[in-house]
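Engineer: One-letter residues, chain by chain:
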Amino acid sequence: MATDTSDSLITTDVSSTETGRGKVPDETVVASSNLDVYYGTDQALEDVSIEIPEHKVTAIIGPSGCGKSTFLRCINRMNDQIPACTVDGELRFHSTDVYDEAVDPVALRRKIGMVFQKPNPFPKSIYDNVAYGLRVQGKAVTDEIVEEALRGAALWDEVSDQLEESGLELSGGQQQRLCIARAIAPDPEVILMDEPASALDPVATSKIEDLIADLADEYTVVIVTHNMQQAARISDKTAVFLTGGRLVEFDDTQKVFENPQHQRVEDYITGKFG
Amino acid sequence: MARQHYQQQLESLTHEVTAMAELVLDRYKMALEAAETGDRRLAETVIKGDNEINERYLALEKQCTDLIALQQPVAGDLRVVTASFKIITDLERIADLATNLADHTRAEQTGIHPAVDTQALGGVAGEMVEDAIAAYETADTGMCRAIADRDGTLDADCERTNEQIIRTLLAETAATTDAESNDGSGLTAASRGLLTVRDIERVGDHAVNIAARVLYMVENSDELLY
Amino acid sequence: MSLGTDQLKNELLDTGMTVDDIKNRVFVWVILAASLLGVVALALLIVDVIYEAYIGYREFDIRPAQFLTQSGSRTPSQAGFLAAMVATAWLMVLTAALAFFVGVGSAIYLEEYAPDNRITRLIEANLSNLAGVPSIVYGLLVLAAIVNGIGLGPILLSGAIALALLIMPIIIVSAQEALRAVPDSVRNGSLATGATQWQTIRRVVLPSAMPGILTGTILALARAVGETAPLIMVGALFTARAPPGPLNRFSAMPTQIYTWAAEPSQHFIHLAAAGIVVLLVVMLTMNGVAIYLRNKFETEV
Chain A
1 MATDTSDSLI
11 TTDVSSTETG
21 RGKVPDETVV
31 ASSNLDVYYG
41 TDQALEDVSI
51 EIPEHKVTAI
61 IGPSGCGKST
71 FLRCINRMND
81 QIPACTVDGE
91 LRFHSTDVYD
101 EAVDPVALRR
111 KIGMVFQKPN
121 PFPKSIYDNV
131 AYGLRVQGKA
141 VTDEIVEEAL
151 RGAALWDEVS
161 DQLEESGLEL
171 SGGQQQRLCI
181 ARAIAPDPEV
191 ILMDEPASAL
201 DPVATSKIED
211 LIADLADEYT
221 VVIVTHNMQQ
231 AARISDKTAV
241 FLTGGRLVEF
251 DDTQKVFENP
261 QHQRVEDYIT
271 GKFG
Chain B
275 MARQHYQQQL
285 ESLTHEVTAM
295 AELVLDRYKM
305 ALEAAETGDR
315 RLAETVIKGD
325 NEINERYLAL
335 EKQCTDLIAL
345 QQPVAGDLRV
355 VTASFKIITD
365 LERIADLATN
375 LADHTRAEQT
385 GIHPAVDTQA
395 LGGVAGEMVE
405 DAIAAYETAD
415 TGMCRAIADR
425 DGTLDADCER
435 TNEQIIRTLL
445 AETAATTDAE
455 SNDGSGLTAA
465 SRGLLTVRDI
475 ERVGDHAVNI
485 AARVLYMVEN
495 SDELLY
Chain C
501 MSLGTDQLKN
511 ELLDTGMTVD
521 DIKNRVFVWV
531 ILAASLLGVV
541 ALALLIVDVI
551 YEAYIGYREF
561 DIRPAQFLTQ
571 SGSRTPSQAG
581 FLAAMVATAW
591 LMVLTAALAF
601 FVGVGSAIYL
611 EEYAPDNRIT
621 RLIEANLSNL
631 AGVPSIVYGL
641 LVLAAIVNGI
651 GLGPILLSGA
661 IALALLIMPI
671 IIVSAQEALR
681 AVPDSVRNGS
691 LATGATQWQT
701 IRRVVLPSAM
711 PGILTGTILA
721 LARAVGETAP
731 LIMVGALFTA
741 RAPPGPLNRF
751 SAMPTQIYTW
761 AAEPSQHFIH
771 LAAAGIVVLL
781 VVMLTMNGVA
791 IYLRNKFETE
801 V
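Residue numbers (this note's numbering), protein chains in the order written: chain A, 1 to 274; chain B, 275 to 500; chain C, 501 to 801.
In case anyone wonders, no lab produced these hints; they're calculated from the structure.
Keep in mind that the hints are not guaranteed to be accurate.
What the hints assert, rightly or not - Covered by chain C, according to a simulated footprint, are these stretches of chain A (three or more residues, beta-carbon under 8 Å):
hint: 1; segment: 72-82
hint: 2; segment: 116-122
hint: 3; segment: 182-188
Since this is a predicted model, take the numbers as computed values, not measurements.
Every residue gets a Cβ at the ideal spot worked out from N, C-alpha and C, and that includes glycine.
Using the sequences and the accompanying hints, generate a full structural model.
Structural biologist: So this is what it looks like as structure tokens:
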């Protein structure tokens, strides 16, 4: 029953988020303009322009194959690992185009952390897992930093007495939190999460969800999820991608889920397709 | 289309709400007729029928709650459920008001009060309810606004009728200053009349409420809500 | 109702042998026999060899103590295996040193760095070919290029080069397998944490793959231990003394056995059998170590 406005993109020039975090205008930390991404000849993303605000949780939802993970992986240039992937258009981290020739992807990934769908801790001790990022980046490794990271991932209480044990001995939910600790230990600015809870049971999922809300105080969180209720629960802003890789709507979560601007978005979130 | 079962449940909800509304309207019209003609038996039917309406109300309330808990409706669908929730409350209140009317009729042999043209006044309110339900069924937002406009007229008419009742009462009291011919029946009739008019006005207000919820449901607008 | 359940019961019950059952059993026996064929052949071989060695022990008084502490000699009663064992030990060390680093390095390049194009595929296809080349060819190659060409001569180093070339493809392939077994998710996790590709390989991929690489290397060396043809080509001959260093002439275990077995004297033949026993023990031990390592690290991951 939503009224169908034009199919143009909804972005506000100075976006502000009406959540409990106050109604101040948001600083943009990641922005894209007319981003096109191809895998070979298949177009995965079409003309995506978005401004992701700082210190908020931004959720990206959409049906399978709509390009959400592709977009996420462009932000930290993990798509470089796929030879067939080509990127057109602009994607800025603060004011730097991340696809500029001069930008070193390794340096970029030191500011932007990532958590994957299936927990992937290294076959090392818990301590070494958390310290890994610090070590490869040449930063100092101290027990305090490791503890802080584990606390930040709500894992400290469960593993403080077994830091020398292998990370692979933990349960799935704990492994994922270990991966989060590993991602936040080197103190990045942005944390990208690609369906972090989809491989976990409901209890582990809700622990991760609680965690995400706290993470946004320190970092900017961008989370891809296929679970709409999860996006509704935890995010401040929601971006809806639809089949074909187009960003159809981007607004405060509450608006998207109570009164979306586009009929296609309404149809998607009420489950009429996708 | 996905979520067939869920879509069917939503449709079933709106049908049931409409069915309850028709039942309530029916009772209301019966009450009006009974008031006009002083038909005690008709009044009795209305009073007895209130139970059935209350049961329907509870059942529909449960239906709404179940939908929310089990299907997590969002956006437009959510507005349908929350609007229906409120609308059935208004319908149940209308039924109660109809019962009030019937009560008065049962108590008095005669009609309500000569100054109160029950069918006309009550009929206007009844039409408003009918139109509101039609708007719900067809998602007609124009009709919603029209109903809100008519409420002003209804309120004015009610006020005039009230004045009329009080003038009549004052006139009667003035005419019968001696105690023996003052049997207090004029007082009772007047108070009943006033209450009836107020009830009819209330029915009109509920009709506006329903229209307001329908507007919210269709356009997410709280224009008529207050 | 009861009729239905009875019928069902009958359908479910085992009603004895059918043609299919018999075929099934015959098939199982046939493939069992085929598997056992190899085992039986090996058992027969070992029994025969041990028997010959035993005869040598009884009739020619070939005792382990002397056998293992004396070096080669024209006189059978004074012939021992020590020189050969020392030579083989030297060979293993040199071959491992030469083949391991080059082999593992190649595997890392092919698995982690090489782009997926025709050149890479060409290289990998040729590696498979190399693995199938007869070992004597490697001997000829080293003879021509190293022994004669560069002029190093028939020394340990030349033998080690031949063996290293022989087992390099095996090491590369098994190292590639071990690297491939490390899941990409772990590489992605490392890269996403801001590591370079080399850091990822050094800190995460290689440590994970190392057990597999070691197992493959030990198995390859176990094979090299027994290779005779390339060593003969290179010129390992009958010498009395254990080689003091890599630049000396030598005769390793398999060539010593070959030399003894070619002698007309029966004594020497039984000496050869004794040598074979030692060689087999070494080979089986190496294989055992490799398998033990593999099992240990497989359960860990």
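Engineer: For each hint given before, does the structure comply? Return the numbers of the non-compliant ones in rising order.
Structural biologist: Nothing - there is no hint that the structure violates, so all of them hold.
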